[in-house]
Amino acid sequence: MKTIVVEHLARVEGHGGITVELEGDAVSDVRFDVFEGARLLEPLVRGKRYDEVAPALSRICSICSAAHTLTSLKATENAFGVRISPQTELLRELLYRGESIESHALHLFLLALPDYLNYPSATALAADKPDIVLLGLRLKKLGNRIQETIGGRAIHPVNVVPGGFGKVPAVDQLLELRSALIEGMKDSDTVVDLMASLPAAEFCRGNTVYAALLSPNLDSYYAGDEVMIASNGDRSIIRAAEYRELTNEQSVPHSHARHSTFRGKPFMVGSLARLTVKPRRPTGRLVVVRERLQLQAPAGNPMDNNKAQALELVRDMERALETIEQLLREGVKDERPVGVHPRAGTGTAITEAPRGLLIHSYTYDAEGRITSADVITPTALNAASMEMHFRRAVEQCAERDDAVLSKRLQMIARAYDPCISCSVHLVRRR
Amino acid sequence: MGKPAVGIFGLTGCAGDQLVILNCEDRLLDLVSLVDIRDFLMASSENDAECSLDVALVEGAVLSNRDAEKLRTIRKRARILVALGTCAVWGGVAAMDRGADRRKLLEEVYGETGLNYDSLPAQALHEIVKVDLNITGCPIEKDQFLTAIANLLNGDVPVYPSYPVCTECRMLENNCLLIEHGEVCCGPITAAGCNARCPEMRVPCVGCRGPAADANPSSFLGMFEEKGIDPRVIATRLRTFAPEGVAQ
Numbered sequence: 000m001k002t003i004v005v006e007h008l009a010r011v012e013g014h015g016g017i018t019v020e021l022e023g024d025a026v027s028d029v030r031f032d033v034f035e036g037a038r039l040l041e042p043l044v045r046g047k048r049y050d051e052v053a054p055a056l057s058r059i060c061s062i063c064s065a066a067h068t069l070t071s072l073k074a075t076e077n078a079f080g081v082r083i084s085p086q087t088e089l090l091r092e093l094l095y096r097g098e099s100i101e102s103h104a105l106h107l108f109l110l111a112l113p114d115y116l117n118y119p120s121a122t123a124l125a126a127d128k129p130d131i132v133l134l135g136l137r138l139k140k141l142g143n144r145i146q147e148t149i150g151g152r153a154i155h156p157v158n159v160v161p162g163g164f165g166k167v168p169a170v171d172q173l174l175e176l177r178s179a180l181i182e183g184m185k186d187s188d189t190v191v192d193l194m195a196s197l198p199a200a201e202f203c204r205g206n207t208v209y210a211a212l213l214s215p216n217l218d219s220y221y222a223g224d225e226v227m228i229a230s231n232g233d234r235s236i237i238r239a240a241e242y243r244e245l246t247n248e249q250s251v252p253h254s255h256a257r258h259s260t261f262r263g264k265p266f267m268v269g270s271l272a273r274l275t276v277k278p279r280r281p282t283g284r285l286v287v288v289r290e291r292l293q294l295q296a297p298a299g300n301p302m303d304n305n306k307a308q309a310l311e312l313v314r315d316m317e318r319a320l321e322t323i324e325q326l327l328r329e330g331v332k333d334e335r336p337v338g339v340h341p342r343a344g345t346g347t348a349i350t351e352a353p354r355g356l357l358i359h360s361y362t363y364d365a366e367g368r369i370t371s372a373d374v375i376t377p378t379a380l381n382a383a384s385m386e387m388h389f390r391r392a393v394e395q396c397a398e399r400d401d402a403v404l405s406k407r408l409q410m411i412a413r414a415y416d417p418c419i420s421c422s423v424h425l426v427r428r429r
Numbered sequence: 000m001g002k003p004a005v006g007i008f009g010l011t012g013c014a015g016d017q018l019v020i021l022n023c024e025d026r027l028l029d030l031v032s033l034v035d036i037r038d039f040l041m042a043s044s045e046n047d048a049e050c051s052l053d054v055a056l057v058e059g060a061v062l063s064n065r066d067a068e069k070l071r072t073i074r075k076r077a078r079i080l081v082a083l084g085t086c087a088v089w090g091g092v093a094a095m096d097r098g099a100d101r102r103k104l105l106e107e108v109y110g111e112t113g114l115n116y117d118s119l120p121a122q123a124l125h126e127i128v129k130v131d132l133n134i135t136g137c138p139i140e141k142d143q144f145l146t147a148i149a150n151l152l153n154g155d156v157p158v159y160p161s162y163p164v165c166t167e168c169r170m171l172e173n174n175c176l177l178i179e180h181g182e183v184c185c186g187p188i189t190a191a192g193c194n195a196r197c198p199e200m201r202v203p204c205v206g207c208r209g210p211a212a213d214a215n216p217s218s219f220l221g222m223f224e225e226k227g228i229d230p231r232v233i234a235t236r237l238r239t240f241a242p243e244g245v246a247q
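In order, the protein sequences belong to chains A and B. The opening position of the first sequence corresponds to residue 0 in numbering that gives the first Met the number 0, with each subsequent residue numbered one higher. The opening position of the second sequence corresponds to residue 0 in numbering that gives the first Met the number 0, with each subsequent residue numbered one higher.
It should be emphasised that the hints constitute simulated quantities derived from the structure, not laboratory data. Every residue gets a Cβ at the ideal spot worked out from N, C-alpha and C, and that includes glycine. Any given hint could turn out to be false.
As the list claims (entries may be wrong) - Straight line, CA to CA, 27 Å or less: simulated DSS-like cross-link-like pairs of lysine-lysine:
| hint | chain 1 | residue 1 | chain 2 | residue 2 |
| --- | --- | --- | --- | --- |
| 1 | A | 332 | A | 166 |
| 2 | A | 128 | A | 166 |
| 3 | A | 166 | B | 129 |
| 4 | B | 226 | A | 166 |
| 5 | B | 141 | A | 128 |
| 6 | B | 2 | B | 103 |
| 7 | A | 166 | A | 185 |
| 8 | B | 129 | B | 226 |
| 9 | B | 226 | B | 141 |
| 10 | A | 1 | A | 277 |
| 11 | B | 69 | A | 128 |
| 12 | B | 141 | B | 2 |
| 13 | B | 129 | B | 141 |
| 14 | B | 69 | A | 406 |
| 15 | A | 128 | A | 406 |
Said to hold, decoys possible - To list a few chain A residues with every Cβ distance to chain B over 12 Å, as calculated:
| hint | residue |
| --- | --- |
| 16 | 9 |
| 17 | 20 |
| 18 | 24 |
| 19 | 55 |
| 20 | 87 |
| 21 | 88 |
| 22 | 121 |
| 23 | 132 |
| 24 | 223 |
| 25 | 243 |
| 26 | 263 |
| 27 | 420 |
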């Protein structure tokens, strides 16, 4: 028997590793190991008042902190039957786009690109090709600027509260963001050219099941409460309240891990899934972007998630710009949060975090104290699919060279953009 | 003299303080040119995990024996050990109820297998090793981080405010959320340095930076009593980021 081990996965958020065991040429076991300490935040928040929940659970993860905050508030508001204003919807969507721009730029330029260009890090890459790294940093900063303006802080936003926003951004601030986005859009061709020029990376082929949020206009990270699962032309829909059908924690034969599967099959969430699942055809600039990236959907190659992120980076800037235009057109009102009246009940929220579906489900007592919290993160949902692709990559690789296999496994893991702090629930730890 | 050797590490947490470093977009390449980053797993796949370090920046809390062991190793390697962020300085959110029955919680979240996990109640770094400098915040403030690096590069140690968020909030001439609106704002006892981010947004301070050295907790609690605020709300709020008994 032979074992390939990636002891400690670098250039990802959090602490994890990969183990693949081989019996001759056959893969006998595949594990995505997580050795992040157990923080037990879900049971620890029990007893907290509804307005303390989002700030505490935002701390699950920094890169996805706006996603956790927004999803948490949506779950709480659903539990109490709070209807937020259309302006709040728009501002939250804008904040979500800011996080997505930051997260995708960070992942593509600082974490994933060094693999394709054979550098150990973005700082090493910067020594030879500073323009590439500076481009990434510029886009990352743009995303952070949106988060700072709308959320009040780039990490763990402070300005989003139950019912709305603490302080609605002023028109001047939105105009500044608009200028920054128009400037940022000028970089989109360079991003697409760069991504299109990368050496092909196809390490595993095969059918993949994808799941993404079915939002009312098919292009929202925040609105909507149904998930669509696309498998080989079949489409199924799961409503938020039935989210456990996606997170049924089944045992799988190749490892002892509890995994999220849909009708027994692993599924992938994230940029590539969003692109694949939504029946809406890309329009305008995105048609060209998609052609230049040679992005097929459905794609059986998980590495295409990087390209899908590049496409979303462009789309996020466009969408952020459209949202700001709409806010300015409709007139920004200095609204206070709508009234929040606690009542006993359960609320579940599903949104699209940069890495894919994020679910928060809470139960409250009549006084508005939380009695149970369940958080399902994209990386936990992806774990089974990631392992499936690790397995395929080893099975489909003609070479049995450890260094080659190890690099491929790491590149696949990074293409999923795992956020291991987020994943600490549901994934096996050791 | 060569550039100082620096290591950047994460124990258990959200990686937010390392992300703040990566968020110094305008200064990142300058920073990299001034110091020699030898070990930074979140950003590089080529690291020297054994070399001695002039400065080790450590974020996150200790939540497992693995974390504790890692921290002790970092301490041995480093001349100056800096605790980065509220989790490292105070224990942070994972320490919000250190008295809770951990085995019970593990079993609840992870099932029976949870009982075998390597898991400890959250501890701040100084509870395990000697810490030379604390930079608090959840996450740390970019400016305070860059000031610290500039100071350390010049053989100096930065000094951070001992006064509370309240002082900053008053300087901004905000209406007081606590006195005027009766909201549970932790500004009077929370370490300043964020320029009153939350109250500036009309949102009460949640105390994410941990206690201020100059705080007056008894007068703070008295104020809530006067306002008739439920003591349970105050208790859970105060415990969220910095548990009792972690003071250094």
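Hints and how they fare:
1. A:332 with A:166: Status holds; Cα separation ~10 Å.
2. A:128 with A:166: violated, 41 Å
3. A:166 with B:129: Roughly 41 Å between the alpha carbons, so the hint for residue 166 of chain A and residue 129 of chain B is violated.
4. B:226 with A:166: This hinted pair holds, its Cα atoms lying about 25 Å apart.
5. B:141 with A:128: OK: residue 141 of chain B and residue 128 of chain A at ~26 Å, within 27 Å.
6. B:2 with B:103: violated, 49 Å
7. A:166 with A:185: The given pair, whose Cα atoms are some 30 Å apart, is violated under the 27 Å limit.
8. B:129 with B:226: violated, 41 Å
9. B:226 with B:141: violated, 36 Å
10. A:1 with A:277: violated, 41 Å
11. B:69 with A:128: violated, 34 Å
12. B:141 with B:2: holds, 22 Å
13. B:129 with B:141: The hint holds at about 24 Å.
14. B:69 with A:406: holds, 25 Å
15. A:128 with A:406: The given pair, whose Cα atoms are some 22 Å apart, holds under the 27 Å limit.
16. 9: At roughly 4 Å from the nearest Cβ of chain B, residue 9 of chain A sits no farther out than 12 Å, so the non-interface label is violated.
17. 20: Since the minimum Cβ distance to chain B is about 20 Å, residue 20 of chain A lies beyond 12 Å and the statement holds.
18. 24: holds, 27 Å
19. 55: violated, 6 Å
20. 87: Holds, since 14 Å exceeds 12 Å.
21. 88: holds, 19 Å
22. 121: Violated: least Cβ distance 7 Å, not greater than 12 Å.
23. 132: Since the minimum Cβ distance to chain B is about 7 Å, residue 132 of chain A lies within 12 Å and the statement is violated.
24. 223: holds, 26 Å
25. 243: Its Cβ never comes within 12 Å of chain B, the nearest being 15 Å, so this holds.
26. 263: holds, 20 Å
27. 420: violated, 5 Å
Hint compliance for this structure: hints 2, 3, 6, 7, 8, 9, 10, 11, 16, 19, 22, 23, 27 are not met, and every other hint is.
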